[in-house]
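Number of protein chains: 2
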Amino acid sequence: MRNDLAPFFKPNHIAIVGVTRSESSFGGLSFLQKFQESNFPGTLYCINPKATEIRGLPVYPNLSSLPLVPDLAIVCVPAAHVPTVLEECGRIGLRYIHILTSGFSEIGTDQGRQLEEQIASIAKEKGLLIIGPNCMGPYCPASGLTAWGAIPGAPGPLSVISQSGSITQRLTEYAYFLGIGTDKAVSVGNGTVLDTFDFLEFMGQDENIRVIALYIENMKDGRRFFDLAREISKSKPIIAWKGGKTEVGARTASSHTGGLAGEQVIWEAAFQQAGVIQVNSLDEWMDAVLAFALLSPPSNPGVFLIGGGGGSSVVNSDTCIHEGLDVPSPSFATMKKLRETVPIAGSIAGNPLDDWQTYVSSDYLGTILDLVCADPAMGMVIVSRMIARKAFHMYSQPDSIPAIIEQVKRRNHQKPVVFVVDSEGGDPDLAAQGASIRQEFGKGRIPAYPSIKRAARALMHLYRYHNRLNRIKRRSL
Amino acid sequence: MRNDLAPFFKPNHIAIVGVTRSESSFGGLSFLQKFQESNFPGTLYCINPKATEIRGLPVYPNLSSLPLVPDLAIVCVPAAHVPTVLEECGRIGLRYIHILTSGFSEIGTDQGRQLEEQIASIAKEKGLLIIGPNCMGPYCPASGLTAWGAIPGAPGPLSVISQSGSITQRLTEYAYFLGIGTDKAVSVGNGTVLDTFDFLEFMGQDENIRVIALYIENMKDGRRFFDLAREISKSKPIIAWKGGKTEVGARTASSHTGGLAGEQVIWEAAFQQAGVIQVNSLDEWMDAVLAFALLSPPSNPGVFLIGGGGGSSVVNSDTCIHEGLDVPSPSFATMKKLRETVPIAGSIAGNPLDDWQTYVSSDYLGTILDLVCADPAMGMVIVSRMIARKAFHMYSQPDSIPAIIEQVKRRNHQKPVVFVVDSEGGDPDLAAQGASIRQEFGKGRIPAYPSIKRAARALMHLYRYHNRLNRIKRRSL
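These protein sequences, in sequence, are chains A and B.
Using this note's numbering, the final residue of the first sequence is 477, and nothing's skipped along the way.
Using this note's numbering, the final residue of the second sequence is 477, and nothing's skipped along the way.
Hints in this document: simulated from the structure, not taken from any laboratory.
There's no promise every hint is true.
What the hints assert, rightly or not - Listed below are the simulated SDA-like cross-link pairs for lysine to any residue, each with C-alpha atoms no more than 25 angstroms apart in a straight line:
#, chain 1, residue 1, chain 2, residue 2
1, B, Lys34, A, Glu424
2, B, Lys336, A, Ser255
3, A, Lys337, B, Lys443
4, A, Lys336, B, Lys443
5, B, Lys336, A, Glu424
6, A, Lys337, B, Thr109
7, B, Lys443, A, Gly103
8, B, Lys34, A, Ala374
Stated by the list, open to error - A short list of chain B residues far from chain A (calculated; beta carbon distances all over 10 angstroms):
#, residue
9, Asp110
10, Gln114
11, Lys126
12, Glu173
13, Lys245
14, Glu340
15, Ser362
16, Tyr364
17, Ala374
18, Gln433
19, Lys453
20, Lys473
Quick reminder that beta carbons are idealized off the backbone N, C-alpha and C, glycines included.
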């Protein structure tokens, strides 16, 4: 198994090869600036034969003139000069290299393809480990390696392996805001030397990582992916978003990362057989990450719905069923207890439960959760919490989120309990309020989703993954 | 055709029958309070035999003691007393009645059903027009009839006919925040006397209404719905959300509005044949309303995608195709012009167009829109605008939304041009900023959606509706 990639994520000395002085361009200088802003704890070396000082740091004319051999080189020089830099890396024994530069096979020219072949052959000859070209490279908040993104990020159970830098950045930021940190992420670009599979193999055996999120457009070796994914998904979930599923998407993918995206049906079948969770949007990806990072396995697909409003109960049931879950009738014993507990006026006892008291008292909500979690037909619970507005003549304010979080934690039901805080409605204040509440739940280690649909789909992914694992375990007994 | 329902939406004198003094309960008092807060311009009469003054208004013991016959009675007394009130309405010639009270067939008891039958027979005998029971009744911002909701609302092209008060409230508020006002809305509840179809017939011929949104759980006469919907949808779109599509949803619906929800497949086929646009969530409903209220008909399903980022271009293409649109290759002439216009460095000319210049200059964006709208293969355009963050080393700020709106208006392409402002990512500030920008676009009469998926689905509904109409027109020539 691949175990030589760890140094990419914990460099003490980084050389940035090709730091220009122009403030406006994307490249070596912007990486340097980000590292400085995020207080990278190691040493940064700038390489530029035409400068002596940039942003307060001494500048070296080339890698050979550095006082030591850095742990990592970030190569930002124009494509045509990349081979020369790699030759130099080989000479000084610098093996870990990230090539940011684009202009290789993805631009579709002969020259681009030839340059990329040169990268591959130099790497082979000199034993270089290369991420890229045409990508954002490694990311690791615990090491201060956070040159991407608008936020510093935080360590946590997530790993992201991706063929798109911007999509990776969005997922790591999204997860961060919901209280889920990232252990390691990598944007692999064209994957000329090290590709998605190398990092999948490496991260699959990394004990700090509990959830692997994958964005993939193409692969060279389907069999290797299948074998790897099947093995890894037995111990940790791989949540994959495949770009270029459609013909047009595939055409676009070839000008993005230079590869062929392949047949959708083959991918889907391979993913399914290997136990890979398939998603189709950033939201669905994040929702699944949140569920897998925070929830215990559901024993069955039955969901108990606690919500407000008659119409909402109807459409929420429809949505859960549509997403592949069940909304089972409570057992006789549960119904008896519900009828004894739920007030007759203004509420409807059953599943869905339309009961406004769950909204105004967290302690009462806790009692209801105890009651329904005791029913074996209920594998999980979704609690829908509308945000209180001066709407529908509702004067009472809901109780506080910390009190609800405390109730859910304390009662510790060993069944997934998630919340829905729907704040869509065009109102910027409501949007911000909803996002804040969902963030508060996430930081309290309870998933909160913006819609029933998104909650139901995330729970469905969670259920199917564990159900498959259980079947495998039973078969192997 | 039904033309006697207009007085429900323009009452000058409203009697609220059953105004209690208890501040906390939902009912007559909360309606009175809402009317007072929203400065209802007509006169409000409170009926309560045990009080003389409530909230500064004189209270009358019964309808017969009022100085005049009101235009509308809102009946809020307990279910068992409703028949007596209706008899009195009949005696004084008060024909327009909204029954707020619940506790009829929807609670599933014999007494409930009998009371509802009494309502029907008194209405028949006395010629009463009744909305309800068990509902929020009529809503019309132009008449100050806005007793529901957290906001006053505004007049506009939308009509909502619904079996759920809370769902209606959410749609009208949502539309309001995006700059789409409501002409008339009605929550029909159990529909004992006047049902969904009566209001569909009435609103279908109302010239102020350009888009009809329908939330329906059950119907008594499928044939009538089909004939009505087929006729109305020739001149205005009916966007329908069917609650109780699944068996569990249908079971829930019967305890919500007392009816049977029926078979999903039959509904779907009937909707399709009648030209009704079918949606399955509040968001999809709103997205379609926005498209139909603001956009001209697309001539074909080809969409030109203007966006940012290689990975995004790949998955955005996938999403549009998945939603039923095409992402056609530009014509030879268009490609030639794109290559002459789009900068080579950092951009990819084609469809999708990955071109950062569209992001920093509204004038340049206008040029690109001219260029691609001239291509007959492009039936519509989606412009994806990420919100600028200090991410990905992007230092330049995007230009202002008013400048973009002005460009789109001025160039007047006669093809749907919509924006995507995706602000999902867990960050409350970003969520608020995204909602504000979408609101600004909406108020500028340009739809802006929170995701490519939602934009693509709304455009697909728009295209399919007009494509069907065109086929009908061609057949009838």
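Earlier hints that do not hold, by number: 3, 4, 5, 7, 8, 12, 13, 18 and 19
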